[in-house]
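When the letters of the sequence shown are read in order and numbered with our numbering, they come out as residues 1391 to 1723.
Among the clues, some could well be false.
What the hints assert, rightly or not - Listed next, with one range per pair, are the computed distances between beta-carbon atoms:
no.: 1; residue 1: Lys1642; residue 2: Leu1520; range: 32 to 42 Å
no.: 2; residue 1: Gln1526; residue 2: Ser1424; range: 48 to 58 Å
no.: 3; residue 1: Arg1453; residue 2: Asp1650; range: 16 to 26 Å
no.: 4; residue 1: Lys1642; residue 2: Asp1706; range: 30 to 40 Å
no.: 5; residue 1: Gln1396; residue 2: Thr1598; range: 44 to 54 Å
no.: 6; residue 1: Ala1701; residue 2: Thr1626; range: 32 to 42 Å
no.: 7; residue 1: Thr1523; residue 2: Gly1669; range: 46 to 56 Å
no.: 8; residue 1: Val1525; residue 2: Ala1472; range: 32 to 42 Å
no.: 9; residue 1: Asn1682; residue 2: Trp1406; range: 56 to 66 Å
no.: 10; residue 1: Glu1512; residue 2: Ala1673; range: 28 to 38 Å
no.: 11; residue 1: Thr1405; residue 2: Glu1458; range: 21 to 31 Å
no.: 12; residue 1: Arg1453; residue 2: Glu1512; range: 13 to 23 Å
no.: 13; residue 1: Gly1702; residue 2: Glu1458; range: 41 to 51 Å
As the list claims (entries may be wrong) - Taking lysine-lysine pairs in the DSBU-like style, the calculated list, with each CA pair at most 30 Å apart, reads:
no.: 14; residue 1: Lys1633; residue 2: Lys1663
no.: 15; residue 1: Lys1491; residue 2: Lys1663
no.: 16; residue 1: Lys1722; residue 2: Lys1663
no.: 17; residue 1: Lys1491; residue 2: Lys1642
no.: 18; residue 1: Lys1722; residue 2: Lys1642
no.: 19; residue 1: Lys1491; residue 2: Lys1633
Quick caveat, the hints were computed from the structure, so don't treat them as lab data. Backbone N, C-alpha and C fix where the C-beta goes; we use that ideal spot for every residue, glycine too.
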Amino acid sequence: MLQATQLTSIFAGGTWIPASGDRLLEIFDPSDGSIRGEVRSASAADVDTACTAAAQAFDAWSRTAPRERAQIVARIAEGLTARSDELADAITAEVGTPRNKCAAMQIGPATTAFASAARLAEAVLLEGRLDDTVVQQVPVGVVACITPWNYPLFQIATKLAPALVAGCTVVLKPSEVAPTCVAILADICVQAGLPAGVFNVVFGDGPTTGEALISHPAVDFVSFTGSTRAGARIATVAGACIKQVSLELGGKSASLVLPDADFALAVPQTLAKSFQNSGQTCAALTRLLVPNSRLDETAALLEQYVPSYAAGDPADDRSVLGPVATAEQRAKV
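Sequences and hints are given; from them, build the entire structure.
Next comes the structure, spelled out in structure tokens:
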């Protein structure tokens, strides 16, 4: 299992710099509730350091040939594959995803996101015509990315990879719940040849570090995935600064099984989508709607398949489900 983590620095300008914030946030092991490390919450001054590094790196990175940017992003994908065991250990220790499912559920999708973005760079038309007008696609600038803990690496990949390919620079504030995989990712980016300042990281909570990042004058675009409540606050803060915002917020998804459907197929598939990652998925199916005439059949199928979702120690290969990630999450459930 991964050793205890002490993350007391920010990643800015291609190097780790001691953070000046005065708060230490505890990192918990969800399998037993023990404290496995600490992360220092970045101050407004730390955020300024990271955003300044991103702004200074933007001009050169945005002018780098798209093919070269794509090659670097492809090497990041290769680096994720090479260090997949280390990443899986970190995510299991901090999120509780069963170790035997991390490759398919957590690491694989993140690797695919980087590889796909690299391939997409070859197909994107950067300049075209609309009647007698020349239309150019240009990088938006410095992007602030704020990501959740449930799929800590994948959520970052879906924001970071396309931003890098597009020629943007990034300041990331990941969830303080699962920060270790981010430190590994930063090292992978350096090894892949990503220029200093193109990717920067600040750790901390939303109200302090997050708001300092969103409101920083160097930030041109904010991309957030998380709760509806936090998204509303981000929209307010960003709106006051007239910034572009992309919000992916909480969902409430239903599985609707019609009378002529194959219930023996639909019901277990609904369970799989509902229980994935111990239900900690924004697109999880949280309701199952069936015709009243087939309610008893549905209940029998649920009783048949639910026991197969064995919860247990995420380090145990027999576990299908791990613990929920935090005490706060347990209280919500």
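Going down the list of hints, with the structure as the test:
| no. | hint | result |
| --- | --- | --- |
| 1 | Lys1642 / Leu1520: 32 to 42 Å | holds, 39 Å |
| 2 | Gln1526 / Ser1424: 48 to 58 Å | holds, 53 Å |
| 3 | Arg1453 / Asp1650: 16 to 26 Å | violated, 57 Å |
| 4 | Lys1642 / Asp1706: 30 to 40 Å | holds, 32 Å |
| 5 | Gln1396 / Thr1598: 44 to 54 Å | violated, 20 Å |
| 6 | Ala1701 / Thr1626: 32 to 42 Å | holds, 38 Å |
| 7 | Thr1523 / Gly1669: 46 to 56 Å | holds, 49 Å |
| 8 | Val1525 / Ala1472: 32 to 42 Å | holds, 39 Å |
| 9 | Asn1682 / Trp1406: 56 to 66 Å | holds, 60 Å |
| 10 | Glu1512 / Ala1673: 28 to 38 Å | holds, 29 Å |
| 11 | Thr1405 / Glu1458: 21 to 31 Å | holds, 22 Å |
| 12 | Arg1453 / Glu1512: 13 to 23 Å | holds, 18 Å |
| 13 | Gly1702 / Glu1458: 41 to 51 Å | holds, 46 Å |
| 14 | Lys1633 / Lys1663 | violated, 35 Å |
| 15 | Lys1491 / Lys1663 | holds, 14 Å |
| 16 | Lys1722 / Lys1663 | holds, 19 Å |
| 17 | Lys1491 / Lys1642 | holds, 24 Å |
| 18 | Lys1722 / Lys1642 | holds, 15 Å |
| 19 | Lys1491 / Lys1633 | violated, 38 Å |
The structure shown violates the earlier hints numbered 3, 5, 14, 19.
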